Amino acid sequence: MRIWSYINTSFRTLFLHRGFSLLILFGLSVGIAMSIFVLEYVYYQFSYDKHYRDSDNIYRVVSKGKLENEYVDVALTPMVLASELQKYPGVSALTRIIDTSEKPVQSDYSKAYESDIIFADSSFFSVFFRPFVLGDAKDCFSDSTGIAISRSAASRLFANHNPIGEIIRINETDTFVVRGVYQDVPDNSHFKYDIVLPYRIVEKQLKEHYGQSYQEIEESWFSLITYVYVKTKPGTEADLLADRFNSEIQTEMEEQRDELFDPLSQTYLNYHFQKLEDIYLFSNCDFEIGETTSPLYVYIFLGIAFFILLVTAFNFMNLTTSRALDRVREAGVRRIFGARRGSLVARFISESVLFSFIALFLGLVLVELLLPYFSDLFRMDFLDQNYREQINMSWVLVGTLLVGVLSGLYPALVFSGIRPVHLYTGQNTFSSYPGIWFRGALVFIQVFVAVVLCAVAIGMWRQMNFVKNYDLGFDPQNLVLIERARYLGEDVDSVISELSKIDGVSHVSKMYSNPGEPVSIMSFNLAEDSTRTYFLSVFYVDCTVFETLQAKIKSGKVHCNDTSRILINEEAASMMNISKLDGQKLQTMASGGGDIKEYPITGIIENVYMGSLKNTLRPAMFVPVQSHEIPRSLLVRYSDIDYSSVYRRIKEVWDRSGTGAPFLGGLIAERLDNFYREDYRYSSLATAFAVLVVIMASLGMTGLVSFLIATRRHGFFLRKLTGFPDFHIILSLFRGYLRFVLAGVVLALPVSQILLNIWLETFSVHYYSDYLCFVVSAVLLTGIAAGIVYYGVRKLRKQMSLHQF
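Going by our numbering, the sequence shown opens with residue 598, and the numbers climb by one from there.
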């Protein structure tokens, strides 16, 4: 059959030009391997929460609107919402969720410190279906003591024992009975849960905390406390359901709004349904229950995968056509012996497709060999991801076939259509050889993509360096955060005393919230103007913490152990137009009734960023806590001595405390850097792909220059012998090539600036976006392009002789 003849010829060509073939196969296989890695990563990012049964019918209710002077977009909802929403016929199941902090969990066999604990309604597993290994979801929450745990938690707490019916103790005081064990929640879930406790437990705790005010809070549409997830019936339009719900509760909400807020404040709230599958990538809500990321990164790397495949195909075209004279002779001989153009096209395309499938095999081998390295680069465990098995191999084969056809189509059309006479007439203008403009366009695209990626990668690292050196309002260096201090109980003061005695330790303070963790937001009025309501983040602080942080108090002072005298940050002072302290007071409604509770403002502190700079700094108030209150963490400042020595001494003090909790501590600077681990990861990936694309662009430019030199050798010799200056010869021969390169560089300027600015806007503060990133990238690619021309011309001059001419 003719197809076998094509395959035999392709193999003969492959082995006849082994060095050239290996170069092509290397470029194709590396491009395919990199594309597979990127596509696997993108597939994984888009797979979040799709493992749940009927995930396309599950939604989270979020709150959006405006409260006084502040716009609201939060994942929390009021408690009353769930009871009202479940009355609608389109709702199949509904659950409320409240997450909690790390707690000590103990069984008769083991003790662990669990952080993924949630409170949920008995309908939780009707919304979020998980296969049960032991027990049944229906029996787990039959009373307030029944709970469900994950398989991993069961292994940690019970080892090889059957946990069903066993008792576990949380916080050493609350006792529960294990009624079910479910399969672990996959990593591609926007929130994790190893222990699910009955929601009625947290309701009881809230009643005890708020006392007589609980019913008011429970019925308020403006007290945003809980997460609500809804599973709708098939065919239900979520947007229409949300519109109907908002419309029917509007009257009640307006009545409550007029009681709580100034009627002229334009306060309003609407509740929207957010698709479960969209939360991880597309949610911009505050107070998220788990981690989210920006879709911008995913789209960028999806584009990178596409461009890698394109550049790979383009390089195949350029490298193939760089052997133009050899292929023209081959095509001419075949035409003399009667080969039709269609037959030649099929022969060249079959050769390209064969190369592509061989490269696919080598690329898959590279994927397996490079998995550990790419796991480090992507900071994901590719070796342990089930989603890799879900990628449809048929699409990979179809994609490889398309790459092969695309790579071979242009060379096939060019070589099959060239007459043998072209070999001897000498084509000396840039556009004279068929398809030269198209080949130049390929180089233009490669240079364009390379400059854009380089500029973006450089800009990302500049921003990360800007973030690292940004003035946070305190000195994060030489600060150690010791977590789990609440387990010290009454021994906390003695531990602080021991820590203070360590050589090099200058300050030790209590922390009642860790950096980056959400804090309460409460509403206040200024005493002299009760018509306006301000929402402030409330931080409870040790009166020595500002000294330990080395934060500046702009005016006033801290009043230790007096919870009625507060400090505010500069952001709050600016919002309330307080330029100097003159007896101003904040006031709020006391939790027990209608009495006014006042907070004299005794100090203004410089803005302190204790969270991510991707979040806007909020106006805040700082409330001194009485010394007997148990802290969440301890903050230790040490002088410029060896950190490992200080860390060892701190750990020794902790171990001697006898708390039983494992030591957990580290540098504040490292914790702050951890807020940007996604940005660091994508900066590393952008750099790696930029280097790869620059190499591919260099190969593409090398192929085009080699082709021009091969087809214009006689023109170069003629101009040289007739006395033309070298610069004039190089400019006349490579003017078109350099135009394509410069066009790619120039067009990359606005595109790289737009992409970089879009990414920078994800930060609340960023460096001034100038043209340095672009200039460095442009100089790099232009220099490489000029260097390739110089090397080619130098090599050609060595070959020049009268005999050759």
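One or more of the hints may lead you astray.
[Stated by the list, open to error] Here are the in silico distance ranges between beta carbons for each label pair:
no.	residue 1	residue 2	range
1	P831	H648	17 to 27 Å
2	D653	E1125	49 to 59 Å
3	D653	N843	54 to 64 Å
4	V1348	F623	48 to 58 Å
5	T1185	G1086	39 to 49 Å
[To be verified] Heads up, simulated DSS-like pairs for lysine-lysine below, C-alpha to C-alpha not over 25 Å straight-line:
no.	residue 1	residue 2
6	K872	K789
7	K663	K647
8	K1154	K1177
9	K735	K830
Keep in mind that the hints were calculated from the coordinates and are not lab data.
On a predicted model such as this, the values are computed, not experimentally measured, just so you know.
Each residue gets a CB set at the ideal place from its N, CA and C atoms; glycine is no exception.
Verification of the hints:
At about 19 Å, the beta-carbon gap between P831 and H648 stays in the expected band of 17 to 27 Å. Between D653 and E1125 the beta carbons are some 53 Å apart, a value that agrees with the proposed interval 49 to 59 Å. Between D653 and N843 the CB atoms are about 23 Å apart, so this pair departs from the stated range of 54 to 64 Å. At about 29 Å, the CB distance of V1348 to F623 disagrees with the hint of 48 to 58 Å.
Checked against the hint of 39 to 49 Å, the pair T1185 and G1086 fails, with Cβ atoms roughly 31 Å apart. Annotation: proposed proximity of K872 to K789 holds, straight-line Cα distance about 17 Å (limit 25 Å). In summary, the hint linking K663 to K647 is not supported, as the alpha carbons are separated by about 32 Å, beyond the 25 Å threshold. Proximity of K1154 to K1177 is assessed by CA-CA distance (about 13 Å); at most 25 Å being required, the pair is judged to hold.
With a CA separation close to 20 Å, the supplied pair K735 and K830 stays within the 25 Å bound.
In summary, the structure is inconsistent with hints 3, 4, 5, 7 from the numbered list given earlier, while agreeing with the others.
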